[in-house]
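Asker: Knowing the structure of chain W, use the given hints to seat chain L on it.
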Amino acid sequence: MELRQPSSLADVDGGLPLAGGTEVVPLLRDGLVEAETLVDIRAVVPKGVSGTTIGAGTLLAELEADPEIPSALREACRLAASPQLRSMGTIGGNLLQATRCWYWRLKYPCFLHGGSTCHARQGEHREHAIFGNEQCASAHPSDPAAALLAVGATVRTDRRELPIGELYRLPTEDDRNVTALEPGELILELEVPRPEASHYLKAMDRARWAFPLVGVAAARFGDGVRLALAGVAPIPWALDSADALEQATPLPGTAYKVELARPLIRRALDAIA
Amino acid sequence: MVNGGLHEVDVPVGTTLADALRDVLGLTGTKIACGEGHCGACTVQLDGVPVLSCITLVHTVGEREVTTIEGLREHPLVQAFVEADATQCGFCTPGQIVSAAALLAATPRPGHDEIVHAMSGNLCRCGTYPKIERAIEAVAAENRGG
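Protein chains in written order, with my numbering: chain W, 1 to 273; chain L, 1 to 146.
The shape of chain W in the complex, shown without the other chains (with noise of 0.2 Å):
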């Protein structure tokens, strides 16, 4: 394995991006990624927050302190994680996060892996989606994910713009990816609209870092109130309004998570009035 460290956009060419390594480098471990070439893109990727705009290279830590932010966002990067991985971790990678799911984790030949079935679905699954789960039952673990879906932020490669929304796809038959990145496409900045008041909570099996069982990020602007919400479908998961909830498809060991997100949709919404 070679590192290259490349001064400007224009020199990465191919590889395999690493920011704070905080994900990379426990999935290379795993042997869940493999790559004969890493790509240091610390020194390429903007950093830093300016007016609405946040660079991809910015670590939680900071963002979780930046009182220009959306409370959502600072929020969410608050809870993300421990304070040594938001220290290391930036808000770039944390939104391309892999799914925590074990079957995935431990390469079972899953659905998500290009096989055919969902281990979840029939196994232990508490940790699973309530929404979005027909064929791929992981949960997304972002929680800064579902707060920039909340207040509606747009994000910036080296190749295009897009909603965030639109980043992330639920794995077809065709394309088991959860993003819509093309290989080596790299989230450059993100555009965050201020609303004006935003919200986020999540409940944890630890009162201090843990991922979420159910996140909830609620977003007020003018008369209009978005809700995203984190650990409850592969992909960070966009609610019409609170009783979308009542769509959820859980699993019989996910059904809690109905029951859990229920009070927090509430709370957030009280949180925003």
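Because the hints were derived from the structure by calculation, they are not lab data.
Do not rely on the hints blindly, as some may be mistaken.
[Said to hold, decoys possible] Pair by pair, the computed Cβ-Cβ distance ranges are:
no., chain 1, residue 1, chain 2, residue 2, range
1, L, Gly-48, W, Glu-161, 34 to 40 Å
2, L, Thr-107, W, Ala-244, 39 to 45 Å
3, W, Arg-29, L, Met-1, 22 to 28 Å
4, W, Pro-67, L, Asp-113, 55 to 61 Å
5, W, Ala-207, L, Glu-65, 30 to 36 Å
6, W, Val-33, L, Ala-33, 35 to 41 Å
7, W, Ser-50, L, Gly-4, 35 to 41 Å
8, W, Ala-244, L, Val-116, 34 to 40 Å
9, L, Glu-65, W, Ser-50, 25 to 31 Å
10, W, Thr-249, L, Met-1, 50 to 56 Å
11, L, Gly-62, W, Asn-177, 31 to 37 Å
12, L, Gly-48, W, Arg-29, 23 to 29 Å
13, W, Thr-37, L, His-112, 45 to 51 Å
14, L, Asp-85, W, Glu-173, 55 to 61 Å
Heads up, the beta-carbon is just placed ideally off N, CA and C, and yes, glycines get one too.
Answerer: Frame of chain W, contents of chain L only:
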């Protein structure tokens, strides 16, 4: 830079900082427990900020200053941990002290909530958390002038 000394290590790309510290430099005070960034046992400081050395690739450290538990031998937290009996098996203790030292450097007199928040990335399977808090509070009290 490790604990004030300059080291060049010749290891394959993909080697973690924790492995380089332990196996190349012989600084075995840094512990590896989960090996995947969950537990905090491998915590070291990079330019004063606590990070997880088991998921930091050594080739990305560059010229930043690494501080391990060996570099904190004289820190008042060491004696405070002893006096508060803040260890049981002791395996997580180096990481605990490295995190706590960074907290006290940034915030010499942290409140209870600040301590809990800053230390939440260091797990202790023996459950010595109340005594760890007591040790940090003891040093914070000294910083407060007793």
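Asker: A separate judgement is required for each hint: does it hold in the structure or not?
Answerer: Right, here's what the structure says about each hint:
no. : hint                                 : result
1   : Gly-48(L) to Glu-161(W): 34 to 40 Å  : holds (37 Å)
2   : Thr-107(L) to Ala-244(W): 39 to 45 Å : holds (43 Å)
3   : Arg-29(W) to Met-1(L): 22 to 28 Å    : holds (26 Å)
4   : Pro-67(W) to Asp-113(L): 55 to 61 Å  : violated (19 Å)
5   : Ala-207(W) to Glu-65(L): 30 to 36 Å  : holds (33 Å)
6   : Val-33(W) to Ala-33(L): 35 to 41 Å   : violated (23 Å)
7   : Ser-50(W) to Gly-4(L): 35 to 41 Å    : holds (36 Å)
8   : Ala-244(W) to Val-116(L): 34 to 40 Å : holds (36 Å)
9   : Glu-65(L) to Ser-50(W): 25 to 31 Å   : holds (28 Å)
10  : Thr-249(W) to Met-1(L): 50 to 56 Å   : holds (54 Å)
11  : Gly-62(L) to Asn-177(W): 31 to 37 Å  : holds (33 Å)
12  : Gly-48(L) to Arg-29(W): 23 to 29 Å   : holds (27 Å)
13  : Thr-37(W) to His-112(L): 45 to 51 Å  : holds (47 Å)
14  : Asp-85(L) to Glu-173(W): 55 to 61 Å  : holds (59 Å)
Taken one by one, the earlier hints fail for this structure at numbers 4 and 6, listed in ascending order.
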